[in-house]
Amino acid sequence: MADIQSSIVFSKETDAIINKKWTDPNFSHLNWSEDELLPLRKETRNYYRNLQKGFCSYCKQNVSLISASNGHIEHIVPKSIHIEFIFTPKNLCVICADCNQIKREQETLGIIPDTLKKVSTAKNKLYPRSSGAFKIVHPHFDNYDEHILIVKGLYVDKSTKGHFTIGVCKLNRKLHVFGRSEEEIYDDRLSELMSGFLDDDNHFSRNEKLITIKKLLEKK
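Per our numbering, residue 82 is the first one in the sequence shown, and the count goes up by one each step.
Keep in mind that the hints were calculated from the coordinates and are not lab data. Check the hints yourself; a few may be wrong.
With a straight-line cut-off of 27 angstroms between C-alpha atoms, the simulated DSSO-like cross-links for lysine-lysine are [unchecked claim]:
#1 Lys123 - Lys198
#2 Lys141 - Lys239
#3 Lys134 - Lys251
#4 Lys233 - Lys134
#5 Lys101 - Lys171
#6 Lys216 - Lys134
#7 Lys102 - Lys206
#8 Lys141 - Lys123
#9 Lys255 - Lys141
#10 Lys93 - Lys123
#11 Lys255 - Lys216
#12 Lys101 - Lys206
#13 Lys102 - Lys171
#14 Lys102 - Lys123
#15 Lys239 - Lys251
#16 Lys171 - Lys251
#17 Lys233 - Lys216
#18 Lys134 - Lys255
#19 Lys171 - Lys239
#20 Lys233 - Lys141
#21 Lys134 - Lys102
#22 Lys141 - Lys251
#23 Lys206 - Lys233
Throw the hints in and build the complete structure from the sequences for me.
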């Protein structure tokens with residue numbers, strides 16, 4: 082079951098703002114922070130941070146329930162690459178200040194990865210309707226726990242999507258800041274188990290490996 086079960090339905094006032102923006106030939110992703118879009122941002126932020134129960138969609142750490150400084154609206158498919166999805170409800174969620182800063186720096190530098198696997202060539206692009214269309218763990222389509230394991234602050238990928246998300250959002254950033262590298266944690270035994278887990282197609286043996294991995298990580 083996906084983490085977000087129902088996407089926002091905008092108010093009539095917000096819909097009017099969106100329609101007005103689409104008629105502006107000069108509108109771009111750079112206009113997202115302008116004052117005219119403040120009601121839209123506020124409505125979106127309040128909706129998703131309550132629905133997400135105060136947790137960031139990427140790192141699962143707390144977001145602020147009141148302040149906007151630690152509750153940022155995220156465009157899951159980057160708005161700088163796909164402007165057509167900038168207001169799409171299923172493309173929106175709320176993330177923490179740290180994850181937002183990392184994604185913003187990538188966007189500013191023009192190095193933000195495209196989270197879509199394929200891009201439609203149709204004139205009027207429709208937002209994908211299934212998990213398989215995305216490289217990232219998508220809160221509207223995916224169950225986070227099926228892709229990423231969190232043990233004592235360490236993020237471990239359980240799938241290709243999990244690996245992509247951990248890398249793009251630098252989820253193991255605390256390890257580097259506080260002097261521990263992933264290499265120190267991933268010893269030979271753990272690395273062997275992780276490789277076996279990712280390559281194993283048997284559900285039962287995968288679960289056994291996962292339990293062992295979790296126990297080893299808890300000892301670190």
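Okay, the hints, checked on the actual structure:
1. Simply put, Lys123 and Lys198 have alpha-carbon atoms about 30 angstroms apart, too far for the 27 angstroms limit, and the pair is violated.
2. Among the hinted pairs, Lys141 with Lys239 is consistent with the structure: their alpha-carbon atoms are about 16 angstroms apart, no more than 27 angstroms.
3. Distance restraint check for Lys134 and Lys251: the Cα-Cα separation of roughly 22 angstroms lies within the 27 angstroms cut-off, and the hinted pair is therefore satisfied.
4. In summary, the hint linking Lys233 to Lys134 is supported, as the alpha carbons are separated by about 21 angstroms, within the 27 angstroms threshold.
5. Only pairs whose Cα atoms come within 27 angstroms are accepted, and Lys101 paired with Lys171 is accepted, the gap being roughly 20 angstroms.
6. For the hint linking Lys216 to Lys134, the alpha-carbon distance of about 24 angstroms falls within 27 angstroms, and the restraint holds.
7. Taking the CA atoms of Lys102 and Lys206, the gap is about 18 angstroms. The hint holds against a cut of 27 angstroms.
8. Distance restraint check for Lys141 and Lys123: the Cα-Cα separation of roughly 21 angstroms lies within the 27 angstroms cut-off, and the hinted pair is therefore satisfied.
9. Distance restraint check for Lys255 and Lys141: the Cα-Cα separation of roughly 14 angstroms lies within the 27 angstroms cut-off, and the hinted pair is therefore satisfied.
10. Distance restraint check for Lys93 and Lys123: the Cα-Cα separation of roughly 14 angstroms lies within the 27 angstroms cut-off, and the hinted pair is therefore satisfied.
11. For the proposed pair Lys255 and Lys216, the alpha carbon gap of about 24 angstroms is at most 27 angstroms, so the pair holds.
12. Among the hinted pairs, Lys101 with Lys206 is consistent with the structure: their alpha-carbon atoms are about 19 angstroms apart, no more than 27 angstroms.
13. With a C-alpha separation of about 19 angstroms, the suggested pairing of Lys102 with Lys171 holds against the 27 angstroms cut-off.
14. Under the criterion of a C-alpha separation no larger than 27 angstroms, the hint pairing Lys102 with Lys123 is consistent with the structure, at around 17 angstroms.
15. Restraint check: the Cα-Cα separation between Lys239 and Lys251 comes to about 16 angstroms, which is no more than 27 angstroms; the hinted pair holds.
16. Distance restraint check for Lys171 and Lys251: the Cα-Cα separation of roughly 23 angstroms lies within the 27 angstroms cut-off, and the hinted pair is therefore satisfied.
17. For the hint linking Lys233 to Lys216, the alpha-carbon distance of about 25 angstroms falls within 27 angstroms, and the restraint holds.
18. For a cut-off of 27 angstroms, the pair hint linking Lys134 to Lys255 stands: about 23 angstroms separates their Cα positions.
19. Restraint check for Lys171 and Lys239: the C-alpha separation of about 24 angstroms stays at or below 27 angstroms, so the hint holds.
20. Under the criterion of a C-alpha separation no larger than 27 angstroms, the hint pairing Lys233 with Lys141 is consistent with the structure, at around 13 angstroms.
21. The hinted pair formed by Lys134 and Lys102 fails the criterion: a straight-line CA distance of about 30 angstroms is larger than 27 angstroms.
22. Restraint check for Lys141 and Lys251: satisfied, since their Cα atoms lie roughly 13 angstroms apart, inside the 27 angstroms limit.
23. For the hint pairing Lys206 with Lys233, the CA-to-CA distance comes to about 41 angstroms; that exceeds 27 angstroms, so the pair is violated.
The structure fails hints 1, 21 and 23 (numbered hints given earlier, in ascending order).
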